[in-house]
Amino acid sequence: MLALIGRRLANSLLILVVSTFVVFCLVALAGDPLGELRDRQPPVSESVIHAEEVRLGLDQPIPVRYLRWLTGVVQGDFGPSVKPNQNIGKELAPRVGVTLRLVSVAIVIAAVLALVAGTFAALYRNRLADHVISTGVFVLIALPSFWLAVLLKQAGIAINKAAGARIFFTVGDVSVPAPQDWLPLIVDMAGHLILPTIVLTMIHFASWSRYQRTAVVESLSSDHVRFAVLRGLSRSRIVGAHVVLPALIPIVTVIALDLPALFSGAVITETVFQWRGMGGFLLESIANRDANAVMAWLLIAAVAVVLFNLVADILYAVVDPRVRYGEA
Amino acid sequence: MRRFRANSMAMIGLAILLLLVAVAIFGPMLWTYSYTDITPDLSKPPSWAHPLGTDTLGRDMLAMAMRGMQQSLLIAGTVALIAGLIGTIMGVVSGYAGGLVDASIMRLVDLVLTIPTIALAAFLGNAMSNSGVSWLGLSLVLGALFWTSVARLVRGVSLSLREMPYIKAAKVMGAGRIRIMLGHMVPNVADHIIVATALLVGVAILSETGLSFLGFGVRPPDTSLGLLISNAQSAVLTRPWLFYAPGVLIILIVLSINYVGEGLRDAFNPKAAPTNPLVAHRTRAMQTAAAPVDGDNALVRLADFRVRFPRIERPAVDGVNLSINRGEVLALVGESGSGKSLTALAIAGLLPIGAEASGQVLFDGRDMASLSFAQWRTYRGRRIATILQDPSTSLNPVLTVGAQFYETMRVAGPVSPAESRKRALELLVLMAIRDPERRLDQYPHQMSGGIRQRIVIALAMIHKPDLIVADEPTTALDVTVQGQVLDSLRVARERTGAAMLFITHDLALVAGVADRVAVMREGQVVEVKSVHDIFEHPEHTYTQRLLALAPRLDQVVKASAPVTGGQEPLLRVEGLSRHFRHPRGRTRKGADRNIHALCGVSFDLMPGETLGIVGESGSGKTTLLNTILGLHAPSAGRVVFSGEDLALPGARQRASRHMSVVFQDPYVSLDPRMTVSELLAEPMQIHGGGDIERRARMVLEQVRLPTAALDRFPHEFSGGQRQRIAIARALMLSPRLVVLDEPVSALDVSIQQDILALLADLKRELGVAYLLVAHDLAIVAELSDRIGVMYGGQMLELGEAGQVISEPRHPYTRVLLDAVPIPDPIAERERRTRSRAASWPTAANPLPPCPVPGVSS
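Listed in order, the protein sequences are those of chains A and B. Be aware that the first sequence starts at 288, since it is given in our numbering, and climbs by one per residue. Be aware that the second sequence starts at 2, since it is given in our numbering, and climbs by one per residue.
Keep in mind the hints are simulated off the structure, nothing from the lab. These numbers come from a predicted model, not from an experiment. For every residue, glycine included, the Cβ atom is placed at its ideal position computed from N, Cα and C. Possibly wrong hints are sitting among the right ones.
[To be verified] Derived CB-CB ranges, DEER-like:
1. B:G498 to A:A290: 30 to 38 angstroms
2. B:K465 to A:H418: 52 to 60 angstroms
3. B:R496 to A:V605: 33 to 41 angstroms
4. B:A16 to A:H418: 18 to 26 angstroms
5. A:H418 to B:R830: 37 to 45 angstroms
6. A:N372 to B:S135: 54 to 62 angstroms
[Unchecked claim] Straight-line Cα separation of at most 20 angstroms, SDA-like style, residue types lysine to any residue; simulated pairs:
7. A:K448 to B:E702
8. A:K370 to A:G344
9. B:K45 to B:T239
10. B:K169 to B:P736
11. A:K448 to B:K45
12. A:K448 to B:P241
13. B:K764 to B:E702
14. B:K45 to B:R163
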């Protein structure tokens, strides 16, 4: 088990290094961070531009820049930003926590919902419950997350107005100023989480529940379920231990594969609800063509994806003895 | 496509989609306003002049929405095309090449998958040019990030295709990589690609509109649905038309694409209707039953029992009358499709969904029609125990054996875990399972098929049932294991005193097991008799035929024509070995990880000779075959064909002209997308020469098929006919050697004999040599001049067929011979009282170790 985790970890590290290199090259080749400076009217003097090039390391060849960037990252330095007085690491650190809060809560809720809805739809396949769930899920899959986010936000505002009180928080990830004690702080944060979490959860739970439905339908037709029925086991025992338990393996894979999409969704959701999370930072950096800032963002997202995948691998081993014993 | 048209949601989706596409293309030409026009009507709600209203600048919303749709569909379609193309190439190459190529492509996929698409796409799009990115640029960036989903899917399908016998057959024919990939793999993954690409259009629309919403996709002055929503963000309450129209359009487009995609998927991959055994089967109406005759000793009584499926003419079970007395063993014998399994399932209450049953099923005098799930539970497990065919799938893979015993014990009431364990141990000991303590804590995948099936039997014994239904309980097992499992079944029956319904396709097996035998054919019971009578005086012609077809090893007298010596052998195999390495696991370390699939096998095959190789699963016979055919490289040793070492460059290609193969399962050895004439033409297209058309007609005649078959597809033929087509293809180039890999084991008994007879005729007519591999000694004996016996990758015995059958030299050959059931109740039961041949290998007399060159063992 430990060996398995170790091997996966080493593998992931390799992927991270290669993937950052590829993305680094893409980002470096895609455009000139100083383009805006060069186009400025009246023109900025050559010497200023050159100094800026040296500060950002643009005068070096890409492999050298990558190595410099990598050694910096290992020591916690994400490199210079286009904005002269911005420290990328310091700026990003608090935002990571904010976004991870949103993403983790959404994953857990969406996974539980998908399990329940998918299993339910499969057990009542082609009956009313299935038709209702499946149609709802299809509509949710087709919903653009930003549209749903805007809709919920405006609905929240309308409800607040109608009630004359703040029922839903529609702006920010925490009140300003934030409560001092930890209990009110948590309650406050949870309150701010509600609407964005609904958006993120709805979009992802929908497609996951389709996979869960397929997995359970397949599991239901397998021989060991038939045998469990023929042994006279109770319905609840059959559903729990013989239908759902083996069907957990595919859903873990699907969730793990969908994590980058979750980060993409978080960017949009945070933008609409004006959170001070990773999303805002990303959009601002992109607008500034701040290569190092975007790299830092992508690196953190990639590390998060890799870590969540590791959790998925461990879950596999928990669910499936064949993985645990290294046979599959 | 008929299935697609029958899917109403998919058809509605298609209609909406076509309508929206038409509006996007033609709408802007026909509509009064252009999306750039600024009208004097500011912020007007929908009206006749402006059906979707206007925005704060006075622009017509309908014109903008149409333009937005145009942009979104254009970009999404291009993204899907690009991604589909890259994904297909990557997937097929990865799946076909395997190994290092596959590993690196999959790492590339992993790499792309760690990147949140929207972030990178936004950055690249933004950085490429100052004025925003063009639609083509955006499509390229998104396409380059989205191909992974198609690639993963195509690779998965290609990997499984690669193992398909029809791909292997093409390789053996000498087809090149490009031919196999373009000719066989792409057509067979095409439907998956179409579905994946269609669904990708929806994903791409959501991504493009998302990017535009954030300001990094389509930019003003042009417009997109995402941009329209972004502009209307703060106007949801004041000018709702601006917000809802583009949102609803996106939802409509994606929704209809997804329904169309799902519809296509279902139409392309018709799966057998999934079953749900949790839903009680209630289509059979309760009949006002004539009260059962008093003093009737029957435990089970079927009266005029019928099962039919909707839209199928012939009933699957057609008026069966049967009874099983207490403590009696009734064998139900029939070929596939005879209705024997449906009859058995009906007694256990598990008919498939959609089956319509009528007539009576009485168990202990009670009609079992329309019992609820809860009522069935008082019978299942407790009074009726069932044993399914395949022990590798009937146990739950994620629960320990002990847990599965415990849950079964608790069916009749609470049991303590300790008590359950104690009783489970007793049962396992009864089933002659060694080391039962350890077995209880293991998972099913850690045991062999024979042990699993004995565990299934032990589970059936727990509640001392009145009836045990055994559905082909030994069919999935090796012949030497079959005997042990039959012994276990006998023990189970004696200990519980239960009656048994024993279902099988193998009449020979019945001789030693049953008290009475019922023979089923096409849904009807054609003959019921005591076991002695059925073997002594079979009345029905079908029974007589089955008996005549059953091979009698004990009566085989082989007068094999001695092969003329002094000739050069056609095929010479010298010290052939093949080792695999187990993946690292905690149970295996170092030399334990070596699997000796094949170990120093040598033999000669003379022109025109038939060499039969017999062995059980894991004996290495398939590896031997694959190595000779060039599908595996040998670890050591040589294969020499007509005096030429096949390891030399080009030799394999030259040899493939004179060597062909017939695989086991004719349902998967013929490419389903090719007609018979294309299938037959392929070997000649590869190697050239001759009038293909004429030759194809000739070989069809040789295998006794009409030439009208040429224009049809394989799925239009029965199993036996398909095997004839496979044989015809093997004969196209007039080969000198035909390799037969279990050529009849996938066929019904009555067809087996036809094919064997055909093979024997062809051998006489054409003088071709056969290398025949099978697990069934009787089939090998029937066709072969010489027989080789394999076990654990080694050739234990090789000799004249008559000698191997009547005077076996190796103890394992004796075990193998002894395990073959004799279709004669007296002889079979006599043999049982005599002790079985001493098993082999034993601790005292083990399989000799296999030396691995270059690896310390």
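Here is what the structure says about each hint:
no.	hint	verdict
1	B:G498 to A:A290: 30 to 38 angstroms	51 angstroms, violated
2	B:K465 to A:H418: 52 to 60 angstroms	44 angstroms, violated
3	B:R496 to A:V605: 33 to 41 angstroms	38 angstroms, holds
4	B:A16 to A:H418: 18 to 26 angstroms	20 angstroms, holds
5	A:H418 to B:R830: 37 to 45 angstroms	58 angstroms, violated
6	A:N372 to B:S135: 54 to 62 angstroms	35 angstroms, violated
7	A:K448 to B:E702	86 angstroms, violated
8	A:K370 to A:G344	14 angstroms, holds
9	B:K45 to B:T239	11 angstroms, holds
10	B:K169 to B:P736	17 angstroms, holds
11	A:K448 to B:K45	25 angstroms, violated
12	A:K448 to B:P241	17 angstroms, holds
13	B:K764 to B:E702	15 angstroms, holds
14	B:K45 to B:R163	62 angstroms, violated
Of the hints listed earlier, those the structure fails to meet are numbers 1, 2, 5, 6, 7, 11 and 14, in rising order.
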